[in-house]
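S.K.: What follows is the residue order along each chain.
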Amino acid sequence: MAVDRATVARIAKLARIRVPERDLDALAGELSNILSWIEQLSELDTEGVAPMTSVVAVELPRRADAVTDGGYPDKVIANAPEAVHGFFAVPKVIE
Amino acid sequence: MAPAASELTDLTIAGARAALAKGEMSARELTEAQIAAVEAARPLNAFITETPEKALMMAEASDARRRAGEVRPLEGIPLAIKDLFCTEGVPTTAGSHILDGFTPPYESSVTAKLWESGAVMLGKTNLDEFAMGSSNMTSYFGAVESPWRRPGDDRPLVPGGSSGGSAAAVAARCAPGAIGTDTGGSIRQPAAFCGIVGMKPTYGRCSRWGVVAFASSLDQPGPLTRTVRDAAILLGAMAGHDPKDSTSVDTPVPDYEAALGGDARGLKIGIPREYRLDGTPPEIEALWRQGIEWLKHAGAEIRDISLPHTSYALPAYYIIAPAEASSNLARYDGVRYGLRVPGADLTEMYENTRGQGFGAEVKRRVLIGTYVLSAGYYDAYYNKARRVRSLILRDFTDAFEEVDAILTPTAPSEAFAVGEKMDDPIAMYLNDVFTVPASLAGLPGISVPAGLSASGLPLGLQLIGRAFDEETVLKVAGVLEEAAGFDAKPQFVAGGR
Numbered sequence: 000m001a002v003d004r005a006t007v008a009r010i011a012k013l014a015r016i017r018v019p020e021r022d023l024d025a026l027a028g029e030l031s032n033i034l035s036w037i038e039q040l041s042e043l044d045t046e047g048v049a050p051m052t053s054v055v056a057v058e059l060p061r062r063a064d065a066v067t068d069g070g071y072p073d074k075v076i077a078n079a080p081e082a083v084h085g086f087f088a089v090p091k092v093i094e
Numbered sequence: 000m001a002p003a004a005s006e007l008t009d010l011t012i013a014g015a016r017a018a019l020a021k022g023e024m025s026a027r028e029l030t031e032a033q034i035a036a037v038e039a040a041r042p043l044n045a046f047i048t049e050t051p052e053k054a055l056m057m058a059e060a061s062d063a064r065r066r067a068g069e070v071r072p073l074e075g076i077p078l079a080i081k082d083l084f085c086t087e088g089v090p091t092t093a094g095s096h097i098l099d100g101f102t103p104p105y106e107s108s109v110t111a112k113l114w115e116s117g118a119v120m121l122g123k124t125n126l127d128e129f130a131m132g133s134s135n136m137t138s139y140f141g142a143v144e145s146p147w148r149r150p151g152d153d154r155p156l157v158p159g160g161s162s163g164g165s166a167a168a169v170a171a172r173c174a175p176g177a178i179g180t181d182t183g184g185s186i187r188q189p190a191a192f193c194g195i196v197g198m199k200p201t202y203g204r205c206s207r208w209g210v211v212a213f214a215s216s217l218d219q220p221g222p223l224t225r226t227v228r229d230a231a232i233l234l235g236a237m238a239g240h241d242p243k244d245s246t247s248v249d250t251p252v253p254d255y256e257a258a259l260g261g262d263a264r265g266l267k268i269g270i271p272r273e274y275r276l277d278g279t280p281p282e283i284e285a286l287w288r289q290g291i292e293w294l295k296h297a298g299a300e301i302r303d304i305s306l307p308h309t310s311y312a313l314p315a316y317y318i319i320a321p322a323e324a325s326s327n328l329a330r331y332d333g334v335r336y337g338l339r340v341p342g343a344d345l346t347e348m349y350e351n352t353r354g355q356g357f358g359a360e361v362k363r364r365v366l367i368g369t370y371v372l373s374a375g376y377y378d379a380y381y382n383k384a385r386r387v388r389s390l391i392l393r394d395f396t397d398a399f400e401e402v403d404a405i406l407t408p409t410a411p412s413e414a415f416a417v418g419e420k421m422d423d424p425i426a427m428y429l430n431d432v433f434t435v436p437a438s439l440a441g442l443p444g445i446s447v448p449a450g451l452s453a454s455g456l457p458l459g460l461q462l463i464g465r466a467f468d469e470e471t472v473l474k475v476a477g478v479l480e481e482a483a484g485f486d487a488k489p490q491f492v493a494g495g496r
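First to last, the sequence lines map onto chains A and B.
Here the first sequence stands for residues 0 to 94, where the numbers follow numbering that gives the first Met the number 0.
Here the second sequence stands for residues 0 to 496, where the numbers follow numbering that gives the first Met the number 0.
These aren't lab readings, by the way, just hints derived from the structure by calculation.
Please note that a few of the clues may not be correct.
Unchecked claim - Just a sample of chain A residues kept apart from chain B, beta carbon distances all over 12 angstroms, derived: (1) Asp24; (2) Val66; (3) His84.
What the hints assert, rightly or not - Listed next, the stretches of chain B that the computed footprint assigns to chain A, with coverage defined by at least 3 CB atoms under 8 angstroms from CB atoms of chain A: (4) 199-205; (5) 312-319; (6) 332-344; (7) 352-359; (8) 387-401.
Yeah, the Cβ is synthetic: ideal placement off N, Cα and C, and Gly gets one too.
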């Protein structure tokens, strides 16, 4: 399936990736090639086949719903590009 | 007299273990020789971060433990770590610009196990950005050069990828072993290109906790070494249940080294007819036939088998892996760690950060993933691919009713030159045609160096086994290794030859 400029711009927006206008056509071409190559799956009949969910049938483990970690806010924000008063800081969202 | 440095760096893990036990050298001496080799190999660009001070500290602690009579399984063994594993206090980049300045405040479960086993960290190895690639050319920190060259040809070659730095480091004698991760072939293909052993364990065998995520239903840590025995030793130290990874399986870890030895009598080896592809170089076909003869000679029973959905594995993979990647990589937003590129508002800051922080291949995959998961396409692409994945798993389950392991080539070509195939993503994806099916099925696979191409480059053979039967895979790999007697060395060996 071919995707056009507008579609690429829309997915880039959804993915929150800035794509310069001048790159849209080239990306549309590349993505269309990949998607039309993927398209060969449609020739396969998968009626009644359940989607694979795990490699070996294992029951997902459960643990007690209790706090087992935490208490070190300094470590949590140590890598933040910007932190203020123990919080992650971002540009103003509400005026 | 102390052994020469090049003798030390030529030691395998098993060899170093024995020499350390006999007191022929100290962990510090071995580590110093490996640190010098890492420095000598800088032109290869195999390491993103070298950690010589940490290595010497760990080596001295290891020597002290040995003096006190405490010897752990990897006591004093220097290792290289793919820079996708978070290491406490040591920068972790995933080969990406977007993790600029990120220093993990915690240690991944697999590396923590290695250090608890007495191993020594030499540094963090280069990789394709977020492990997305088969050439190591997508790294923000530049391509890795393979230590191999075609005789009489000066063009630098790729080490394969994504664990290209780990494979190059082991082949060039910077380290006796390294760890990597394999999502669709990222351990096995670079191992084949670099003439070493690389193993992807069963999905769930090694913990993914603290490993930067690419495609969570496929990613699996594993060893890269120069011998099958070393792969068994390293896997034994990496494997095991981890409550922090809910997909890590709680099943006992056998003694993998004990599985080695003997011949292949009583074993049935499957040869899948769908792996004979048009356009595969005749020398790879010939090596595969040679591998069949070796196993037959060692007493194995050879069976032709069919894995009918093989040709659909790669397209299914290129839906599932990008879909999972687009979700996993949503966390890189310039808020909590790594790069931040300012914008007029929050959304623009996200877009600028991700636009500048991700490289071309990562963007391509995130966009593909976003598209196949978007409203109206989820069923047609993502669920379709997951159904195809079930069929691929069923192919293998059926095959393992009649055989114990499957033999195939590892990659459809020898190593290519740095810069090639970059303008055609699909040509690059085809590198993983023989490794992706086992990844989708979650099965263990190993690449064993089996011979040289006509142009003098290493070629590998792959063995695939039943889920959690790494023992049979390693045993048969050992038989192949012995028959192949691969002892070629790359043109570049750190510290000279």
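S.K.: Can you give the numbers of the hints that this structure goes against, from lowest to highest?
M.R.: The structure conflicts with no hint, since it agrees with every one listed earlier.
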